[in-house]
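S.K.: Here are the chains, one letter per residue:
There are 2 protein chains.
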Amino acid sequence: MTATIIKGLPVANVIREELAAKAKELAAKGIEPKLAVILAGGDEASRVYAQAKGKVGEKVGVKVEVHIRPDDVKEEDLLALVDQLNADPKVHGILVELPLPKHIRKELVMNRLDPKKDVDGVHPVNRGYLLGGQEHLALVPATPLSCIELIQRSGVELKGKRVALVGRGDTVGRPLASLLIKRDATITVCHTKTVDIGSITKAAEIVVAAAGSPGLVRADMLSPGQIVIDAGINQVGDGIVGDVGEGAAEVVAFLTPVPGGVGSLTTSIIMSNLLKAIGLQGLA
Amino acid sequence: MTATIIKGLPVANVIREELAAKAKELAAKGIEPKLAVILAGGDEASRVYAQAKGKVGEKVGVKVEVHIRPDDVKEEDLLALVDQLNADPKVHGILVELPLPKHIRKELVMNRLDPKKDVDGVHPVNRGYLLGGQEHLALVPATPLSCIELIQRSGVELKGKRVALVGRGDTVGRPLASLLIKRDATITVCHTKTVDIGSITKAAEIVVAAAGSPGLVRADMLSPGQIVIDAGINQVGDGIVGDVGEGAAEVVAFLTPVPGGVGSLTTSIIMSNLLKAIGLQGLA
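So the protein sequences, as listed, match chains A and B.
Note that the first sequence ends on residue 284 in our numbering; no numbers are left out.
Note that the second sequence ends on residue 284 in our numbering; no numbers are left out.
Bear in mind the hints are in silico, worked out from the structure with no lab data behind them.
Mixed in with the good hints there might be a few duds.
Copies of the same chain look alike in the list, so a pair counts if it fits in one copy or across any two.
[Unchecked claim] Once the Cα atoms are required to be at most 25 Å apart in a straight line, the calculated SDA-like pairs of lysine to any residue come out as:
(1) K193 x E135
(2) K106 x G279
(3) K74 x E25
(4) K159 x H191
(5) K59 x E135
(6) K193 x G225
(7) K202 x T192
(8) K7 x G61
(9) K24 x E58
(10) K182 x R105
(11) K106 x K182
(12) K74 x G30
(13) K193 x Q134
(14) K102 x G169
(15) K106 x R183
Using the sequences and the hints given, assemble the complete structure.
M.R.: Take a look at the structure:
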């Protein structure tokens, strides 16, 4: 058996069309959606990656400006940049590219963002809206939201399904757990201290791998008929691999690829969050 | 077989002794811990209940002042009271008794609290610290934290255990899920849309009932050897009953009673949060 591969790009294209239509409406009201990206340090590849957001932005009608700072940027200067962007009424969203240089306290930078401009949902207030069931007020982190969009827009019903979520990190796993619970899935959260993860993943109808560990979910931990969402994005050598191991496509019914799956949606979700942010700011 | 009953009061007494020692240290530094309780509307019973906190406070060295407002209190007046207590340096914690009168928007009142004085962890920032893995910065809601204290101080190990959590509400279920994940339990979150809850509860090592539905977890959904924590506090007639049904004590190994279990700890946990709040405010 060979699984049907759920590709991200077709879903991303549908989302982008919706966004372009909304951005046009905003433009008619005189609002020019603008995203500020902060890139502190990083190599040439990460600069290319940050600037690639500009291309997606062009397609959907969002202006993207990238603020590049050197590896040895002072923490106070980075915080001052956040303050400046928070205060700038022409900037509707702020994305801080990770990882930050090691001498920068990540929590301090994240917690400094205006929650209403926090398009990757990293500020405690946005996390809190998620946990507190006030998702309508929240800007939701992009990768977990991408998983949800990929599942739902592929026509997969979450309600009442048993979902094994492998991973409990603060970037993907825990926020994703809240989103899945809200959508009526029955989730089991597995992690490094879980005894016999395979018995849990095998018994589920949907498996979401979000541990950030290459090949952690092996083919022998999966069952026929399952839907498997691979949210892992792990750099191995020059390539990107997921958390689902080789051979999974020979076992399960549906599988998202890496690259080309969840990761293909995240930039579009950031743009979607930007338009939601404009609403939360009371501008539209 | 008859289960061992895990009573709340002995655990509460241990916690209160610890708190009294800490409050004495604070007093030596000239800090008099003070909790403000807001009670809007409610019947005679709820007034008695609110004022009962004063008695626990006396035992542990915390001054409790109850602010009673009538059933028809204006929302703006309630918000003004919150602002006044937020600004009062002599008040270290604020507890808003629920339910509020129906014409008051609960979210508005909760979100108005100074997060550092929010001793029942209802503000989005405190929820967000939980979901984001910054528990050290959080004031954690009292009932979920009471469940954790009752489990851990009874010598039950959470690490690696399979826990069936029945309930996904914003007061107990979802915050408790975060606390359990953080403590290395492998949790499955069950709710009204879950198919065959009994098969999940039966397979767990620990069952936590936190749905707020009298007797929802029936004895036939439990297994020998299990530890069952009943976080349900349901008013039925003149009495209080839990979420675990009759006969459970004949099946499982350990069971918390209602009343006399989780609920016996919550006021002590509020006081514990108050002392943590003093630390978060940079006063001690």
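S.K.: Each hint: holds or not?
M.R.: Now the hints, each set against the structure:
Within a single copy, K193 and E135 get their C-alpha atoms only as close as 29 Å, which misses the 25 Å cut-off; across copies the closest is 19 Å, which meets it. When the C-alpha separation of K106 and G279 is checked against a cutoff of 25 Å, the pair qualifies only between copies, where the shortest distance is 22 Å, while the shortest distance within a copy is 27 Å. Proximity of K74 to E25 under the C-alpha cut-off of 25 Å is found in neither arrangement, the shortest distances being 40 Å within a copy and 39 Å between copies. In this homomeric assembly, K159 and H191 come within 25 Å of each other (Cα to Cα) both inside a single copy, at 23 Å, and across copies, at 11 Å.
For the homomeric pair K59 and E135, neither the shortest alpha-carbon distance inside one copy (27 Å) nor that between copies (40 Å) is at most 25 Å. In the homo-oligomer, the alpha carbons of K193 and G225 lie at most 25 Å apart only across protomers (21 Å), although the nearest pairing inside one protomer, at 27 Å, exceeds that limit. In this assembly of identical chains, the alpha carbons of K202 and T192 lie at most 25 Å apart whether taken from the same copy (17 Å) or from different copies (23 Å). Taking the shortest alpha-carbon separations for K7 and G61, only the intra-copy value of 24 Å comes in at or below 25 Å, while the best inter-copy value is 61 Å.
In the homo-oligomer, the alpha carbons of K24 and E58 lie at most 25 Å apart inside one protomer (12 Å), although the nearest pairing across protomers, at 62 Å, exceeds that limit. For the homomeric pair K182 and R105, the shortest alpha-carbon distance between copies (22 Å) is at most 25 Å, but the shortest distance inside one copy (32 Å) is not. Taking the shortest Cα distances, K106 and K182 sit within 25 Å of each other only across copies (20 Å), while inside one copy they are farther apart (28 Å). Proximity of K74 to G30 under the C-alpha cut-off of 25 Å is found in neither arrangement, the shortest distances being 36 Å within a copy and 38 Å between copies.
Taking the shortest alpha-carbon separations for K193 and Q134, only the inter-copy value of 19 Å comes in at or below 25 Å, while the best intra-copy value is 30 Å. In this homomeric assembly, K102 and G169 come within 25 Å of each other (Cα to Cα) only inside a single copy, at 19 Å, whereas the closest approach across copies is 38 Å. With identical chains, the CA atoms of K106 and R183 are at most 25 Å apart between copies only, with a shortest distance of 23 Å across copies and 30 Å within one.
Checked against the numbered hints given earlier, this structure breaks hints 3, 5 and 12; the rest are met.
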